[in-house]
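Position chain B relative to chain A; hints supplied.
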Amino acid sequence: MKPFVVNVALAAIAMSCASSTASRAVWEPVRPVEFIVPAGTGGGADQMARTIQGIVTKHNLMKQPLVVINKAGGAGGEGFLDVKTSSGNPHKIIITLSNLFTTPLATGIPFNWKDLTPVAMLALDEFVLWVNAEKPYSSVKDYIDAVKKAPSGSFKMGGTGSKQEDQIITVGIEKAIDTKFTYIPYKGGGEVAVQLVGNHVDSTVNNPIEAVAQWRGGKLRPLCVFDAQPMAYDEPIADGKAWKDIPTCKSQGLAMEYLMLRGIFMSPKATKDQIEYYVELFKKVRATPEWQEFMKNGAFNTTFLTGADYARWVEAEEKRHEGLMKEAGFLASH
Amino acid sequence: MEELANLFHGFAVALQPYNIMLMVIGITLGVIIGVLPGLGGANGVAILLPLTFSMPPTSAIIMLSCIYWGALFGGAITSILFNIPGEPWSVATTFDGFPMAQQGRPGEALTAAFTSSFVGALFAVIMITLVAPLVAGFALRFGPAEKFAVYFLAFCSFVGLSKEPPFKTIAAMMMGFALAAVGLDSITGQLRLTFGVTELLNGFDFLIAVIGLFGIGEILLTMEEGLAFRGGSATINLRVVLQTWRELPAYWMTSLRSCLIGCWMGVTPAGATPASFMSYGIAKRLARRGNNFGKGEIEGVIAPETAAHAAGTSALLPMLSLGVPGSPTAAVLLGGLLIWGLQPGPMLFVEQKEFVWGLIASMYLGNLAGLIVVLTCVPIFAAILRVPFGIIAPLILVLCAIGAYSVHNSTFDVMLMLVFGVLGYLLKKCNYPLAPLVLAIVLGDKAEEAFRQSLLGSQGSLGVFFSNGLVSTIMALGLVALFWSAIQEGYSRLRTSLA
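If you read the protein sequences in the order shown, they are chains A and B.
With the UniProt record's numbering as the guide, the letters of the first sequence map in order to residues 1 to 334.
With the UniProt record's numbering as the guide, the letters of the second sequence map in order to residues 1 to 499.
Keep in mind that the hints are not guaranteed to be accurate.
Think about it this way: if two alpha-carbon atoms lie no more than 30 angstroms apart in a straight line, the pair counts; the simulated DSS-like pairs of lysine-lysine are [stated by the list, open to error]:
#, chain 1, residue 1, chain 2, residue 2
1, B, Lys446, A, Lys180
2, A, Lys175, A, Lys319
3, A, Lys149, A, Lys175
4, B, Lys353, A, Lys58
5, A, Lys284, A, Lys84
6, A, Lys269, A, Lys284
7, A, Lys250, A, Lys180
8, A, Lys84, A, Lys269
9, A, Lys241, B, Lys353
10, B, Lys446, A, Lys187
11, A, Lys284, A, Lys63
12, A, Lys296, B, Lys353
13, A, Lys187, A, Lys175
14, A, Lys187, A, Lys135
15, A, Lys244, B, Lys353
16, A, Lys187, A, Lys244
17, A, Lys135, A, Lys244
18, A, Lys187, A, Lys250
Okay, the calculated bits of chain B under chain A, using three or more residues with CB under 8 angstroms as the criterion [unchecked claim]:
#, segment
19, 138 to 151
20, 181 to 190
21, 196 to 210
22, 454 to 464
Partial list, computed: chain B residues near chain A (C-beta under 8 angstroms) [to be verified]:
#, residue
23, Leu322
24, Gly323
25, Gly345
26, Pro346
I should point out that these hints are in silico values taken from the structure, not numbers from a laboratory.
All residues carry an ideal CB built from backbone N, CA and C; glycine is no exception.
In isolation and in its complexed conformation, chain A is listed as follows (with noise of 0.2 angstroms):
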């Protein structure tokens, strides 16, 4: 029996040596690694996962596969708390929108972005003020004209969903310029942009990607960018116009601000090498050629930020939705 021991201990001793020297090395996944989306098929963020999940194979990033999945119930909670549940488990990412803030805060759902591991802000998505072309205000004076001219109410704003991105932009004019639009949810961006161009709403604060092909129909006319500055693309996309060439809401007297963050997190106890796996992955994916087509085609902002400036910054913004909110009354009752 004592040379068996033995061997058992050797054995031991010689696997807890693998480990450790395992643990000195980078960490990789081991099994198919599930990337969570927290909204429906064929919207922004599942576009973006999509794209990256292939790029991911298409370059041969990683040696497991990654496997989109949408868990969009109530405003994208599923998938948050699947992800605040799987504690531990390194093999689930998810991709995360303002819903992050919106769903906690409005449907009141045991939830806050510190459950989860923050990986990596991979860019900003921006917001434009758009009109229907054949209506006559070509600029955001004119607009704001028209609004305040119409009975109060009687102005249309279209949006995608309740108590999200699009609403807190909209009650944020309504405050800027001191005035009341009805505001009506629609399932998805591409159905908004599409009300707006059958005039069965008046104005939308669509995302670049929704909004672009009609632009370029010459359907829908953009009037303003809810940006610090506007955004950096200058290849001409209808009548000479470029991205590059819409002004600032700010700069038109329209003081409103808001960006939608596409970022990476992970599951809650994550250790460092598996968060440095992930960053590196999509530093990797960043520099890829079809990303860099992705990010123009919709006119991201292309800000990149992990580790402490990354949690700051989703602090920060936490704060800024609470806030805003708030004022909206949009928190929920309990």
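Same frame as chain A, but now just chain B:
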């Protein structure tokens, strides 16, 4: 004429050997996806989307749209053989398709379903080819009020035309509305009826309900009836295809009507589900043997299948020309287009001619290839019914469980499916119709959303539903359909009193 030249160029693109190969692979994968309930077209396309990133865009969209056609064809198979609709728009196919299978005529039902799908899709593609630019603009006239009117018409044509006692129909429908209300209220952004249960955040998914109500419910009923799987005498011979084909031309009127309903619903874009229900309801009223509907009438298979496929195909038109997906699968395809750098919208037809016409050509060829593939397999599918119940029932159960699980990757859904199964069994025992319940689960939340959006826009005035010619006409049609039996009775009384 320029369109025709473009189309022939499209055929040249689609007929390259590489693309033909992708077409056949796509159809086969699609049929498999369609047969597994739960793993619907949208999930299937989403899973396979990354595979196509290394292909040229035209080839990729050909393959993906063939998966879509395959899934549409495949959905009918389980509906007819096992009473398990794999997709929302196959529900109406079960009403007469499954009784036909039980009477030992599964081959006939399958052939009718596949052929009708082909006819519907072909009609829609021809429409897309000829009048694409004209029709595309029509969708723009559909605001929330118009959409609600279409859903209203779908509900009314079902209640008014139903042969069941109206109160049982309405009771079943109300139960469906209640189930549809669970989850997030998209107008206020609040959770409703979830009672703090995380699993209910997503509400009750239609597929889970249907797999349970129909699939599991049916197995329970069969068990009670002594484990006999009716339909064992199915003929398994390719001749059945030709025999059925000889019968089909007699129903050209139903087909044409269903094609028109389907195209209209697909373009608006209300989608294939209301189209199939509406077409079935209207066929039941207008067909000579309408009283026999629900007992295995071949016309009851033709009407919903034709309309569903005409709608499913024409739904691609608003997707391409406006960027509005008409169905969840179309939404995933739309995401695919964006990834390939193609922007759906008014400019797609101008800037990406080769792509658009390649896709349209592949619709013709893909449907034809699909028809050939599924028709040659009819005897094989029909033969499944010869397997003894003791063997097939556990297999169906497993299939249902996999299907229910794969909708959201959740074991809770599998439990829910079993609960719905018991519910379906009880409702059937008490003679409550299941179809209105399912219709309400599928369309209930959409109708509610459109209704409330309309009222938001009109600041609370119901007049918005009669505010222009289009919406008034649809609403009026709905009211006529709702009170159809009363109108008919009044009319016949008037005639007898005059006589």
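Evaluation of the provided hints:
1. At most 30 angstroms may separate the alpha-carbon atoms for a hinted pair to count; lysine 446(B) and lysine 180(A) meet this at roughly 27 angstroms.
2. Of the pairs offered as hints, the one joining lysine 175(A) and lysine 319(A) holds, with about 19 angstroms between alpha carbons and a cut-off of 30 angstroms not exceeded.
3. Restraint check for lysine 149(A) and lysine 175(A): satisfied, since their Cα atoms lie roughly 16 angstroms apart, inside the 30 angstroms limit.
4. A distance of roughly 27 angstroms separates the Cα atoms of lysine 353(B) and lysine 58(A); the hinted pair therefore holds under the 30 angstroms criterion.
5. With a C-alpha separation of about 26 angstroms, the suggested pairing of lysine 284(A) with lysine 84(A) holds against the 30 angstroms cut-off.
6. For a cut-off of 30 angstroms, the pair hint linking lysine 269(A) to lysine 284(A) stands: about 24 angstroms separates their Cα positions.
7. Taking the CA atoms of lysine 250(A) and lysine 180(A), the gap is near 19 angstroms; set against the 30 angstroms cutoff, the hint holds.
8. Distance check on the hinted pair: lysine 84(A) and lysine 269(A) sit about 10 angstroms apart at the alpha-carbon level, within 30 angstroms; holds.
9. At most 30 angstroms may separate the alpha-carbon atoms for a hinted pair to count; lysine 241(A) and lysine 353(B) meet this at roughly 24 angstroms.
10. With a C-alpha separation of about 10 angstroms, the suggested pair lysine 446(B) and lysine 187(A) falls inside the 30 angstroms cut-off, and the hint holds.
11. Restraint check: the Cα-Cα separation between lysine 284(A) and lysine 63(A) comes to about 14 angstroms, which is no more than 30 angstroms; the hinted pair holds.
12. A C-alpha spacing of about 23 angstroms is found between lysine 296(A) and lysine 353(B), which places the hinted pair at or below 30 angstroms, so the restraint holds.
13. Annotation: proposed proximity of lysine 187(A) to lysine 175(A) holds, straight-line Cα distance about 25 angstroms (limit 30 angstroms).
14. Restraint check: the Cα-Cα separation between lysine 187(A) and lysine 135(A) comes to about 25 angstroms, which is no more than 30 angstroms; the hinted pair holds.
15. This hinted pair checks out: lysine 244(A) and lysine 353(B) have alpha carbons roughly 29 angstroms apart, not beyond 30 angstroms.
16. At roughly 29 angstroms between alpha-carbon atoms, lysine 187(A) and lysine 244(A) fall within 30 angstroms of each other, so this suggested pair holds.
17. About 22 angstroms separates the Cα atoms of lysine 135(A) and lysine 244(A), which keeps this hinted pair within 30 angstroms; it holds.
18. Proposed proximity of lysine 187(A) and lysine 250(A) is supported: the alpha carbons are some 28 angstroms apart, at most 30 angstroms.
19. Counting residues of the segment 138 to 151 of chain B whose CB lies closer than 8 angstroms to any CB of chain A gives 6, which reaches the minimum of 3, so the coverage claim holds.
20. Counting residues of the segment 181 to 190 of chain B whose C-beta sits closer than 8 angstroms to any C-beta of chain A gives 8, which meets the bar of three, so the coverage hint holds.
21. Counting residues of the segment 196 to 210 of chain B whose CB lies closer than 8 angstroms to any CB of chain A gives 4, so the stated coverage by that chain holds, three being the minimum.
22. Only residues whose beta carbon comes within less than 8 angstroms of a beta carbon in chain A count, and the segment 454 to 464 of chain B has 3; three or more means the coverage holds.
23. For leucine 322(B), the suggested interface contact is upheld, since its CB lies about 5 angstroms from the closest CB of chain A, less than 8 angstroms.
24. Of the supplied interface hints, the one on glycine 323(B) holds, with its beta-carbon coming within about 5 angstroms of a beta-carbon of chain A, less than 8 angstroms.
25. The beta carbon of glycine 345(B) is positioned within 8 angstroms of a beta carbon in chain A (closest approach about 2 angstroms), and the interface hint is therefore held.
26. Taking 8 angstroms as the C-beta cut-off, the interface hint given for proline 346(B) holds, the closest approach to chain A being about 3 angstroms.
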